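Asker: Residue numbers (the working numbering), protein chains in the order written: chain A, 1431 to 1756; chain B, 78 to 1041; chain C, 248 to 490.
These are computed hints drawn from the structure, not numbers from a lab. Among the hints, erroneous ones may be present.
Unchecked claim - Just a few of them, taken from the derived set where beta-carbon distance is under 8 Å, the chain A residues facing chain B: (1) Gly-1484; (2) Ala-1487; (3) Val-1660; (4) Ala-1672; (5) Met-1673.
Stated by the list, open to error - Capping the alpha-carbon separation at 20 Å, the derived lysine to any residue pairs in SDA-like fashion look like this: (6) C:Lys-357 <-> A:Asn-1749; (7) B:Lys-449 <-> C:Asn-466; (8) B:Lys-527 <-> B:Ile-826; (9) B:Lys-920 <-> B:Arg-1009; (10) C:Lys-339 <-> C:Ile-387; (11) C:Lys-470 <-> B:Phe-396; (12) C:Lys-441 <-> A:Leu-1654; (13) C:Lys-357 <-> A:Arg-1505; (14) B:Lys-787 <-> B:Glu-361; (15) C:Lys-339 <-> C:Thr-249; (16) C:Lys-470 <-> B:Glu-977; (17) B:Lys-706 <-> B:Lys-720.
For clarity, every value in this text was computed on a predicted model and none was experimentally measured. Positions of the beta carbon are idealized from the N, C-alpha and C atoms, including for glycine.
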Amino acid sequence: MHPAFSVILLTTLIGVGQGLFLAIYTSQLYALARLLPMPDHQRFFALGSAIAVGFLALGLFASFFHLGRPGRAWRSAARWRTSWLSREVILLPALMVLVVAYGAIHYFGWTEPLFVVRGALPVDPSLIVGALATLAAFALFVATGMIYASLRFLREWATPLTIFNFLLLGGASGFTLAAAFAAWLGSGLTRFYGTWAVILTVAAAASRLASLYRNAHLQPKSTLQSAIGVRHPRIRQVTQGAMGPTFNNREFFHGASAKAVQTVRTFFLLAAFVIPVVLLATAYVLSSFWIPAAAFAVQYLGLVAERWYFFADARHPQNLYYQRVA
Amino acid sequence: MEDLTQRSDKARGHTEVKYTTCYMCACRCGIRVTLRDGQLRYIEGNPDHPLNQGVICAKGASGIMKQYSPARLSRPLRRKAGTERGEGKFEPISWEEAFGILAERLAEIRATDPRRFALFTGRDQMQALTGLFAQQFGTPNYAAHGGFCSVNMAAGLIYTIGGSFWEFGGPDLERAKLFFMIGTAEDHHSNPLKIAISRFKRAGGRFVAINPVRTGYAAIADEWVPIRPGTDGAFLLAVVHELIHTGLYDREFLVRYTNAPELVNQDADSEEFGMFVRFEVPPEEGCFDPQNKLWWDPEVDRPVSTHTPGVDPRLLGTFRLPDGTPVKTAFQLLKERVASYTPEWAEDITGVPAATIRRLAYEMGVTARDQKIELPIPWTDVWDQDHESVVGSPVAFHAMRGLAAHSNGFHTIRALGILMTLLGTIDTPGGFRHKAPFPRPIPPCAKPPKGPEDVQPDTPLNGLPLGWPADPDDLFVDEAGAPVRIDKAFSWEYPLAVHGLMHNVITNAWKGDPYRIDTLMLFMANMAWNSSMNTTEVRRMLTDKDENGEYKIPFLVVADAFESETVAFADLVLPDTTYLERHDVMSMLDRPISEYDGPVDSVRIPVLPPKGECKPFQEVLIELGVRLKLPAFVDENGERKYKDYPDFIVRYETAPGSGIGFLAGWRGKNGDKFMVGEPNPRQWEMYAQNGGFFHYELPRSFQYMRNWNKGYLTWARANGLTRYAEPINCHIYSEVLQKFRLAAEGRGITRKPPEALRERVAYFFDPLPFWHEPLETVYTDTRRYPLRAVTQRPMPMYHSWDSQNAWLRQIHSHNYLFVHPSVGKAGAFEDGDWVWVESPWGKVRCMARFTEAVEPGTVWTWNAIGKASGAWALHPRANESQQGFLLNHLITEELPEDPEGLRVSNSDPVTGQAGWYDVRVRVYKAAEGEPRVTEPRFPPLRRLPGMAKAPRKWLAYMAGLKGR
Amino acid sequence: MTQLALVIDLNVCVGCHACVTSCKEWNTSGWAGPLADFSPYGPDPHGTFFNRVQTFEVGEYPHTTVVHFPKSCLHCEEPPCVPVCPTGASYKREEDGIVLVDYDKCIGCKYCSWACPYGARELDEHQKVMKKCTLCVDRIYDESLPEAERKPACVLACPTNARLFGDVHDPYSQVSVAIREQGGYTLMPEWGTKPANHYLPRRRTELRIHADELIRADNPLKKEGVPPKPPKDQPTLDETTSW
Ligand SMILES: Nc1nc2c(c(=O)[nH]1)N[C@H]1C(S)=C(S)[C@@H](COP(=O)(O)OP(=O)(O)OC[C@H]3O[C@@H](n4cnc5c(=O)[nH]c(N)nc54)[C@H](O)[C@@H]3O)O[C@H]1N2
Ligand SMILES: Nc1nc2c(c(=O)[nH]1)N[C@H]1C(S)=C(S)[C@@H](COP(=O)(O)OP(=O)(O)OC[C@H]3O[C@@H](n4cnc5c(=O)[nH]c(N)nc54)[C@H](O)[C@@H]3O)O[C@H]1N2
Ligand code: SF4
Ligand code: SF4
Ligand code: SF4
Ligand code: SF4
Ligand code: SF4
Ligand SMILES: [Mo]
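So here's chain A without its partners, still in its complex pose (with noise of 0.2 Å):
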């Protein structure tokens, strides 16, 4: 498949929001269960909602470049029911309300709490928003995986691995961001995003490598003796009806050299996570804002790499009517 930055964009970016806000929520609730500090409402989980609701809309936004008709993006909510981009559409907008209703919540400090539940969990607003919006972050995730897994036909893709590749590395970027963002406001949490930022990305490295692992050794189902119903073990293509650079073409062709490809695999594996993982540690040595700071850039750029890569490592199967002119 050919790359199309913008989704690419908008996968990565929503992710890093996706995951910002589930991390935050995992500190207030680890700070309601008395595992953490709890941190300052008002600076902490407005700011950091805020963050999470901005990556959000820049995906938002970066996804209507891959629209041919932008004006009309509101009809593609309309088929919820089948189309999972359909259900990607209202969730992303609806996480986003959500994250910024929590924020607000916070912002405003609305956080009596309404009940308490067993006499130990005070339950605030922010404690229900939160976990409506922490449902919406998975099923978007589940949406977002679910528009590529669901093509049975592009076979690398096709696989519950790719959603739990979007959730581990949304959230393994989220925590990341979360540890820098909290060494930005010396909120003392750094370690505690590290860690679990540390344990996401491991868990998204095993699941990419499953992944990768996997796709190297998948058998294309679909040959040329399918696609065109002949029998021969020997078919090539002379022409496949017009010599310019056609819909079919470039869509579905990424057309960089195997090498190229190679090389952005293996610097999506060191961005995405090692090199992460390396300063994340760090980061539990020399505490500084810098450290957690380009631990996120790296991973975001190896994000970037590693959707680049997704894409061009699915092989569709129309490929087999376009590989030759003349």
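Let chain A serve as the given structure and place chains B and C with the ligands on it in line with the hints.
Answerer: Showing chains B and C with the ligands alone in chain A's frame:
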């Protein structure tokens, strides 16, 4: 969204429907054109049209993009004073000025030496009018595309069976069971052949394609026989050998309908050696085959006159006439000729295994013998014998330029004609079928002028500039035997050049050999590009000057509808209309669109008004005819005779009161006559009412065996199609050729060739077919240039003129050199690499593509996809000029000097047919650092005055202003 | 239920591209138009087409077969391109099974094209909406056309009549009979998309001639007075034994 099934497309805007004839190619299908608000909405096949029966091809369906092409010329142009020819700098002038310039110049030429005006027309379809113009002007220097196209096919078959493929005849696939397609690419006789092949296959017919390349039609063949280019003669002769050897020939057919049993004089000392023995002088001489030859009657063991009732003559044998003259039957001579042409011999030459050749010969012979078709159609032959039925054999052939475009093509095609005759498939069901006005006598009647005295100032020629020589006295040469025509047609160099040698015009005129000319007018021919050989040099000749600084070809007029490569070289450009803007006729006087069942002609009727100042070339000729006072175009007072071209078509008669004109339908005052009849002022209207064509279906008993069908021949004579209702026997043995050979040997009473050409004529004018290497091979080091290079037409492109078509060029924007992977291996290159193709005459850089569908010793490419930069209103860096290439740069128009100092055209020595497919090449990888563009390239052409600006970014065509 | 479709007979398709340009011509000024072209007279021209003809080589020299292969939207009975469309612009008509795009709703997200394994959809870069074969829905029901012409443009154009059109659910339609009797098949059956369009395979006609069929009693050579008898001086049993 509106409900798209509720509103008819016709309800969007104002819709009009008109019928005319397509000219996106020479096939001439009937089309129905729908206009919306005056713009082209849709072009589709006319369902009632006999030729295409409602279907259309890729080109035809893209007519819209031709009509609205930005390459359209729209104003007469004159080369700007002070600029050089070829620079492409023009100024618009008025038609009045253009006519003024032309009339003045041509009048002076006509009054002094009419030969100095040469009119050459390319892939046009109005040779009846252009030929008439040249004849009236009095110049012998006229020809159309035939000489570089397929004259070998026309001449080879017409001199053998009295008809030929394409316009004049074809395979009856409706009834055939076995079909051999030889050397035909993708789109020959486009739609009709496709319709027929598909029906044939669906009916279970067996289709064998003989071609070095497998694409197009051959793709769906049941068997592909890859053959080395230029070797089909050997293949066909080996088949003939096998058929004669096993007795798988149609004896009855050969006896009655061919000259096979006729006795040939074998007295080597006689002036008549090799001629048929004749028993008496016929009462009337004319252009027909007098029935005064001899058979050998085995019953009485004596010669008898042919077709003596009750006699079953010997087909084979050597005899002695009562006067002691040794004779052999023509068939005996053929048998002896092919004795050594065994399948094993042919295998070495053709690369086709001997076993395959034998098998195919048996398939032909046994199918023809065992699967006879008998139709209950009674008919009477010219010897007054009644037949209760028409009998045929279901073995059909179609062949085209794969045979024709070789310098040994004439004899190859003769061999094919003989093969079809041996199988008894001439104008029979399931075999070869004629189309009116064929069959014609062998050779047809029209003769070229005979000498320089036939060309006189201010005088029309007393015949047509082209014709069909029957013996050396019909050649068009001067006393010394030197050519009179600029292209040397009908000279001893190319005696049977019945279509001229257009491919040598520029070179000859440039050299002044045989003489210099003044004005060269090119109509519908892209001679500075795809229809010339040695293109780079030819382009140089067009701009070359003599010692006085004058152009060697002083004045060049180009009549074209588009900005072709040739337009850039013009001194005067005459913008023509498109096929949708003009009246045209596909006339019985020319190449009509007849069907097997009878004559068909058709017309074009304008669907759209002419663009800008475009003027139909027909009108230009008529106007010039009037200004030059050519008798056919003016009355006794020298006044304009015809209002315009449509008026000319209606009122012109071949001779005063002849009743024969351009159109055969709806003649007579009321339109109730056909073929012959007085002019009908409402003729155009009646054609229009009938969808633009006239189809006369012959009675069934006149539809077959027309060479010998008394009913048909009498009908044809009564309707002015022929002069003689005499039998047209197939020429297994060609006495016409023997006459030339005798002359070359110094025998006979006819003119004799000049010394330097004696050997050539004697060798090639063999009365029986033989196989020889293509001429060019003799001059080529085949170890250095081991590969044979050929071209093919792609189905969706017509020669050079479809690159301007925004839809079609997406299918072929550039071309590759197709090679077998082993060629890549030998040249150390890969699929898709840039390579050099080099012949002894030039080299071209291009890209290579590997294919398994080619004979490994052959490389090929699509014809005429490559373009000069900027031509055809394309961007200077369009693929056509950057990656596309033209093979013509590698093909020479002249062979190197022979030891006697003779330089002849790279053409068939019998007919002058251009030997396009003889070139030998080698292919090797382009060096690493070389630019990845084609070579040679030329400075970009610029947009001419009057041309619209081409949309550069996008085009979203939607017919009609209210289209949405 | 009706399912309209094309059945393409590869046995007779000569790869002429008539179906390609007649489709373009009909549709560019029709309901589905315009079908834009980019760089129409410049480098790398390309544009929107609903139908393309490709060519494949099968086998190795000299046993090479060349297959011309026209491809347009197959109007799948289980069209994966439809449910994925977020706007509902892509839909399958109930009444005849034609899969269409409603340009007024399409946002040009290209997701449907990703979901089509056949590469049958093309985004029109000018209108920025997804386009594909409409089965000429604006012709086939047009009652102002004569009955015989209420067929897709490509079907009417095809010179070899390789394109059959009809209802594949009607067991007695021309297309169903052809599929049944001539081994019609669908593309990439492995995905369960159940394309409505079918293809008919190549068939080969051969001829078998036995050696003993070559010479027949009425062989014309016999008439030439040179019957194939052994000469008199050739040895025979007459000279070697007397019984
Ligand atoms: N290498 C190689 N070369 C070949 C061949 C080959 O097989 N291989 N084939 C040869 C053969 S068979 C042929 S017939 C020739 C064809 O060669 P040409 O006769 O030169 O044919 P075209 O290139 O089609 O172009 C003729 C010109 O007609 C113009 N034209 C088109 N429509 C109209 C019109 O309506 N009016 C006017 N006035 N002009 C119009 C076009 O713009 C073009 O300039 O090529 C020959 N050249
Ligand atoms: N689409 C389209 N149709 C056209 C034209 C066009 O330009 N485009 N041009 C028209 C014109 S002017 C003409 S003359 C006709 C020509 O129609 P064709 O005669 O079909 O012409 P070519 O394309 O020259 O193809 C020649 C074929 O002969 C093969 N060949 C070459 N050498 C040999 C040989 O020695 N032996 C055998 N057996 N095969 C050989 C080549 O591989 C090729 O397949 O087409 C007409 N129709
Ligand atoms: S074959 Fe095609 S281009 Fe040629 S006349 Fe017929 S429809 Fe027109
Ligand atoms: S029009 Fe017919 S023969 Fe031509 S490519 Fe299309 S399907 Fe094949
Ligand atoms: S061929 Fe592709 S676009 Fe057409 S219905 Fe099937 S999946 Fe959809
Ligand atoms: S491109 Fe249009 S038709 Fe396709 S999925 Fe998107 S909205 Fe639907
Ligand atoms: S059915 Fe109509 S839209 Fe579809 S390919 Fe044929 S002509 Fe084009
Ligand atoms: Mo030609």
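Asker: Is the Cα-Cα distance between Lys-339 (chain C) and Thr-249 (chain C) 20 Å or less?
Answerer: Answer holds: Lys-339 (chain C) to Thr-249 (chain C) is near 12 Å, not above 20 Å.
Asker: Verify the proposed pairing of Lys-357 (chain C) with Arg-1505 (chain A), using a straight-line Cα cut of 20 Å.
Answerer: Between Lys-357 (chain C) and Arg-1505 (chain A) the Cα gap is close to 14 Å, so the pair holds against 20 Å.
Asker: Tell me if the interface restraint on Ala-1672 (chain A) is satisfied: Cβ within less than 8 Å of some Cβ in chain B.
Answerer: Holds, about 5 Å.
Asker: So, as I understand it, the hint says Met-1673 (chain A) touches chain B; can you test that by seeing if any CB pair is closer than 8 Å?
Answerer: Cβ of Met-1673 (chain A) sits 4 Å from chain B, so the hint holds.
Asker: Does Ala-1487 (chain A) pass the interface hint, meaning its C-beta sits closer than 8 Å to a C-beta of chain B?
Answerer: violated (32 Å)
Asker: Below or equal to 20 Å on CA atoms is what counts here, so check Lys-449 (chain B) against Asn-466 (chain C).
Answerer: holds (15 Å)
Asker: Straight-line Cα separation of Lys-527 (chain B) and Ile-826 (chain B) no greater than 20 Å?
Answerer: holds (16 Å)
Asker: Against the 20 Å threshold, does the CA-CA distance of Lys-357 (chain C) and Asn-1749 (chain A) hold or violate the hint?
Answerer: The hint holds at about 16 Å.
Asker: Given the proposed pairing of Lys-920 (chain B) with Arg-1009 (chain B), does the C-alpha separation stay at or below 20 Å?
Answerer: Holds. Lys-920 (chain B) to Arg-1009 (chain B) sits at ~15 Å (cutoff 20 Å).
Asker: Report holds or violated for the interface hint on Val-1660 (chain A), using the least CB-CB distance to chain B and a cut-off of 8 Å.
Answerer: Given a least distance of 13 Å, the restraint on Val-1660 (chain A) is violated.
Asker: For Lys-470 (chain C) and Glu-977 (chain B), compute the direct alpha-carbon distance and say whether it is at most 20 Å.
Answerer: With a Cα-Cα distance of about 50 Å, the restraint between Lys-470 (chain C) and Glu-977 (chain B) is violated, given a limit of 20 Å.
Asker: Would you check the hint for Lys-441 (chain C) and Leu-1654 (chain A), treating anything up to 20 Å between C-alpha atoms as holding?
Answerer: holds (18 Å)
Violation of the numbered hints given earlier is confined to hints 1, 2, 3, 16; the remaining hints are satisfied by the structure.
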